[in-house]
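**Student:** For chain W, the structure is supplied; the task is to place chain V on it using the hints.
Chains as they are written, first to last, in this note's numbering: chain W, 3 to 355; chain V, 3 to 355.
Keep in mind the hints are simulated off the structure, nothing from the lab.
Any given hint might turn out to be false.
[What the hints assert, rightly or not] Have a look at the derived ranges for each label pair, beta carbon to beta carbon:
| # | chain 1 | residue 1 | chain 2 | residue 2 | range |
| --- | --- | --- | --- | --- | --- |
| 1 | V | Ser199 | W | Ser11 | 45 to 55 Å |
| 2 | V | Gly77 | W | Thr222 | 25 to 35 Å |
| 3 | V | Ala182 | W | Ser11 | 18 to 28 Å |
For each residue, glycine too, the CB sits at the ideal point set by N, CA and C.
Now for the letters of each chain:
2 protein chains.
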Amino acid sequence: MTKHDPNPSRLAMVPFISVDHMMRIVNEAGVAQTIAAIADRIEADFLRWETFDKTPRVPSHSEEGVIELMPTSDGEFYGFKYVNGHPANMARGFQTVNAFGVLARVDNGYPVMFSEMTILTALRTAAMSIVAARHLAPKDARVMAVIGNGAQCEFQSLGFHHCLGIEEVRLWDIDPKATAKAVRNLEGTGLTVTACSSAEEAITGAQIVTTCTADKKQATILTDNMVGAGVHLNAIGGDSPGKTELHRDILMRSDIFVEYPPQTWIEGEIQQLAPEHPITELWRVIAGQVPGRTSRDQITLFDSVGFATEDFSALRHIHAEAMRTGHYVELDLLADPDDPRDLFGMVARAAGQ
Amino acid sequence: MTKHDPNPSRLAMVPFISVDHMMRIVNEAGVAQTIAAIADRIEADFLRWETFDKTPRVPSHSEEGVIELMPTSDGEFYGFKYVNGHPANMARGFQTVNAFGVLARVDNGYPVMFSEMTILTALRTAAMSIVAARHLAPKDARVMAVIGNGAQCEFQSLGFHHCLGIEEVRLWDIDPKATAKAVRNLEGTGLTVTACSSAEEAITGAQIVTTCTADKKQATILTDNMVGAGVHLNAIGGDSPGKTELHRDILMRSDIFVEYPPQTWIEGEIQQLAPEHPITELWRVIAGQVPGRTSRDQITLFDSVGFATEDFSALRHIHAEAMRTGHYVELDLLADPDDPRDLFGMVARAAGQ
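Same shape as in the complex, but just chain W (with noise of 0.2 Å):
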């Protein structure tokens, strides 16, 4: 490998959040205080939902998996997140999920930050949870049961004890081995922690029941008998066309609240309902345009798949921490010539070096 021109312009270099720093980024400030105010970011930025530039991610579909783009502007900032999902991935030694992505200047179309995405989809998707769990949810949650316990669960379960005050996690895994690593991971962080040996048994006495399981297919995590009065949803896990986490009768009980509509009727729970079925955009409850939780006998179900806008307010909240705590590296990324018409000439000089 050859290095880097040590003396490009400075409007050459782009920021570059490497794994290692944002492992750094998120440790200093702590991982359960970086989803809170990832949340915070993800709250503000739904207030001022219709600034948004706003379009269903871009996927490329394939037997193994899908690669997608997810693209959004707020007028001032441009951000996307390549992300792939392939669930036969983790039987070869691969993550599922790998992700990564870029903020933009709108106007003049340069990047700011080129960044590690992997672990900080996980922080957002906690934190949209967060975000959505705090309007819909029973004020006096203090139990969630976590079904599913891989890469989501910890953070999940962190975040909802540190910005909601949920007190106890009931964890269930179709494999054991699952739930013992998210125990361990939990161990010493001030929640009680239940490993339980069914979903039945995992929601019992939970106010909310959070849904992250990862195949690729219909899956019915939980059945209607399953759900009684009063309890929130979190459903993480049905995320793509084909797979969904929850039985249709569930979804016919419940008020169901999605991020952005277009996307959530391809992906999301709902691909189980008909097109006129009523469902409510989250960011108008936050508004409050429309009620969220109305009732204590009210079961709600927030129907997440992962909507682009949470990626922009992440990657915001990782640019300003990077440029605060100096955790990053710059990349020769842009052509910067002398004269902005003379590409070539730079190209052709270069070779004379």
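**Tutor:** Using the frame of chain W, we list chain V on its own:
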């Protein structure tokens, strides 16, 4: 700035081609030779056009310009380009166009390369023009007019000289300084270079007319009476909604060839035409399904806007060259926990290091 963790796993690392690396790769092979190699890749990929997952680029428009994502896949690799277009940038000392992109494996979604693409886009645009001209221009063409002497001018000139036997380029630009820059850059390349004082003068005696101006508005670089029989028009600059270069009457006299019709109807010169106007997909000419140039007097028009598969072809070439030459560095871009489900544990354990 903090240093990278020196010991992330192999799976975490993604090769990065900086501007400096790109210039080394291009200069070691030669600019014209690189354009020729990319042209061969583009032509081969056009021959298997139906293999590709195709979509019009995904734009985010603002008052100042546009930021676009251009994804495609051939089922084995996935590629996308980020590119902006900000016409006012040059006056402010910024590049009008910046680009970077990623090549990834479809089977597991892992990126295999992150690369600068500002220089690469210039090379592939010239390469695409050559592929089209190979099938559409008069075989005995020796003189090319280049209207607009900005960043594309020298790449087009040198590429056409090397690949198609063009012996003279006749240059014109509204700004004589741009022409003077191109004349300087093309010294010693074997081309006869003639600086002209009007578009009319430039196209005199030219069998190929390349238009590559940068205005983001309806312009009329060429009017109908200027274009004689038998000419091949290589129209590069009309490439976004509202941005065209040729008078509509020229289009009415030409046989028009395009890359990907759903995108060209939005961005190309054919914006000016009724949707039922006949156009020909260039890949069908290359595949021998339909004729290209059929007579000496025919005016052929390649209405080029730039399509994602061309960037894909260029990325594949540069990936091969980077691996061969070692001109890259590796970035710690992908989180790679020992247990793929234990993303949280990886972050938490890093705190103790």
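**Student:** Check each numbered hint from earlier against the structure, then list the numbers of those it violates in ascending order.
**Tutor:** 1
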